[in-house]
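Starting from the known structure of chain A, arrange chains B and C on it as the hints suggest.
Residue numbers (this note's numbering), protein chains in the order written: chain A, 1 to 292; chain B, 1001 to 1377; chain C, 2001 to 2228.
Derived by calculation from the structure, the hints in this document are not laboratory data.
Careful: at least some of the hints might be erroneous.
[Unchecked claim] Label pairs and their calculated CB-CB ranges:
#1 C/V2014 x A/L272: 41 to 47 Å
#2 C/R2072 x A/R88: 17 to 23 Å
#3 A/V157 x C/D2213: 48 to 54 Å
#4 A/L64 x C/N2036: 35 to 41 Å
[To be verified] A few chain A residues that face chain B, going by a derived Cβ cut-off under 10 Å, partial list only:
#5 D124
#6 S209
#7 P215
#8 Y216
#9 I217
#10 P220
Backbone N, C-alpha and C define an ideal beta-carbon position, used for all residues, glycine too.
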Amino acid sequence: MNLFLQLAVNGIYAGSIFALFGLSFALIFATTKVWHFAQGAVYSGSALIVVALATTIGLLPAILAGVVFATLGGLGCQAGIYGPLRRRGASMLVIVMASLGVTIVGENLLSILFGPSQKTLLVDVGGPIIAGGIVISRAQLLAPIIAVAVVGLALFVLYRTDFGRKVQALIGDEELMQLQGIATGPIRMACVAFGSAILPIAAVMLLLSGTGVSPYIGLPVVLIGAMSLFLGGINSMLGAAIGGFLIGFVENVALYFIPSSWQAAFTYSLFLAIILVRPTGLLGRRLIQSSM
Amino acid sequence: MIHRRNLLIATAFAALLGIGNSAYAQQDPIRVGVLVGTSGASGQIGNWTNRGVEIAIEELNEAAGFQRFSMFSEDSEYKAQKGLEGFNKLTNVDGIDVLITSGSAVLPTIAPLADQRELVMMNVGAQSPAMAGIGKFTFSVIQLADFDIAVMANYAFDTLDFQRGAALYISNDIGQTNVVEFERQFTQLGGEMVAIESFRASDTNYGPQVAKIAAAQPDFVYLVGDVDVAAAATRQIKALMPNVQILTYGGMESQLFLDAAGAAAEGLLYTQTDFDPSSDDPAIAAVAQRYQTRYGEDFTSPFIGYAYDAMMVVAAALDAAGETGEPLRAAIMDRRDFPGITGDVVFRDDGTVSKSVIIKGVRDGAFVLVDRVGASE
Amino acid sequence: MLEVDKLTVRFGAVTAFEDVDIKISEGEIVGLVGHNGAGKTTLFRAICGLEAAESGTVKLGGEVVTGERADRMARRQLAFVPQGKAIFGEMSVADNLRLARSAATGQGLSEERLFEIFPILREKQAEFARSLSGGQQQMLALSLALARGPKIILLDEPSTGLAPVLVQNVFEIVRQLNAELRTTFLIIDQNVEMLLRLADRTYVLKAGRMVYDGPSAELSGAALWSYF
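So here's chain A without its partners, still in its complex pose (with noise of 0.2 Å):
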């Protein structure tokens, strides 16, 4: 009992910080209806600032430089590469080639700068917290606060605020909101400079236990972001953060049944079953279109 409780508490945690990986990736795509791959180098390059950064000007310092470098890096993607391939009439194909080739040669600098080992964020934060034989660290009971604080600020915003109306235009129909006489760049810059802005967070959370971070790091995360969203449904934001906690919540709780080499394949496995049953996702009332 003791380790599924345990197991359970890895979960929340795992499930909280995926959440973010979602809603990041799934605020993107919708927005700009890009695959942005690219996401990865984003966040592993934050990850990695915040790290190098931490022991010389404190963390609160770091964690706000990586935010600023995911910022800038994800509004690069976006105004650098997606919008003029996009204006250039440039297939979906084609920038989701660009945005893998942003990722390889992003990982490939990081490692340059960075060198390319897993590190660690060597910055105390106190001992974990043993309650009845379940180990709770400082992280794990920090996660779930901010993930919660992070999806709630972001759908209190897109329901409840003239900004977050436009968003919702934006992505049900861009041509449409354009019509209305609502410039549609600034409102996806805002959202790209959101979705990427979180990641840093995310990457502090998982840091925070001893979770490293390599130039190496970042497409798992994008994967997990788009099972995120294909899980919750699309143009859901709602859905994508509730389908990454249940990608990080399932992938922990199932090792009380399985072992742990079984895990990924557990998790993708029953990532197709869903699929295959609901394939619009939990929230979702649309599919996919394949634009490629």
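Quick look at chains B and C alone, frame taken from chain A:
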């Protein structure tokens, strides 16, 4: 740079005038290929290997007074396919005469090709027991893991008096073979492995696996993974099980590990070739000095030493053989016993070496000798 | 109000329309008819900035606005209601209207006024726009334009999918708005007979060229069919 150019000009003049001070002087340099992983999470070990060969060649070329050896390096990422591509480039394009390489996934792919080409290949990093007898032209300068593992299993059972073991390993050939071998040795002695968990190379969070291990309440965790990965795992193991003993192997012995694992590294035990990079031994000190001068870093890893030794074995055997290929292989097997900074290199019939193994550990944030229990032969 | 001069749009080798002239004064209701594929919708899209013109000019209120982005054109109080489901389906009816009002540049109709015109929208304001019937969606699409208070509205097939009695309703509303607010309309519709009765003046576009420009009344019967 200027120094090297002068050397080249001098060599060219010497060759022109036919006044070389050695029989090799009029020949092209011997082409030494290095095929290791320099990118990816294990890139650190690959970079150490490259540097070990580089300083050995620098020393040999200085001693010869001309460019006796030149080096060609390719990145295998320690993957079979990449390794094969690198091997083909080195042999077909660069025309190498000797290959220094590592990677338990790479060697089985290229060893038969090296045999076909009669290319002498020095293994300076792959510790999988499967490397024994892998090819007629393959020689391992590094001790294979089965011997280290037996020493560690014995130490855990006999000296530390541990009964309940757990293992956390990276899900690849090295991780698998090491843990299977450890389990075999430890259970043979009478111990029990109560939890064995693995993780993928791309994983950075081992919380789930560590939770399962903690639930089994082991005396120790035998940890197998690349340096950086193992450092993160060490932190996560200690976060959940502050008092558990972590056992591992010599690959961890680097500043990188200490930096990344922080306080969690304290008390860690591992096996290591009986080699001290900071030793007063003049041969080691000279190499350490050269390394420091060239790279501005301390000589810390035995992987630098293995690469250095491998290059020195090649050079020494070449003195006797006169040419590469089959004569070089025969010369190595004839002599068998070479001096080395990582301990004497004594090849067995299957191309493997036997070196003394000791127990080392982390005390007060530094690697120290703990026990000489495993020192052999 | 709106002047289009020798406007040409091509997609590669295919000509959508060529050298098209349109001149509409304030307060007019003007029809645009023609075969499917004659280039009507593309002409609307080019006027409101969604397609780039190869040559020619578009003038709005005397100012040259050729090549301006669609959102800028909309802020110049030109509204385009595209054909079919020109609404944000995943938002509530009320949020649709709020969005349009938040972007209003002119003296748009208040929510109250819109609900007077379309009482059904008041009832359904909390529902997702996608759950409305075809006719209700068309009313909402029209409301989105009206909420922003445009001076000129381009309507593309407002009667698509509507029962004949609803088409009458929509056209009646157009007439009302035109009378009350002097809103100018340019309308494409398949219901040619009804459109001709509504519009003061009609253009006929045939294979990318404007072939008729004159009073709608002269376009009845055989005169009309000669252009098809």
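Can you list which hints this structure breaks, lowest number first?
-> 4
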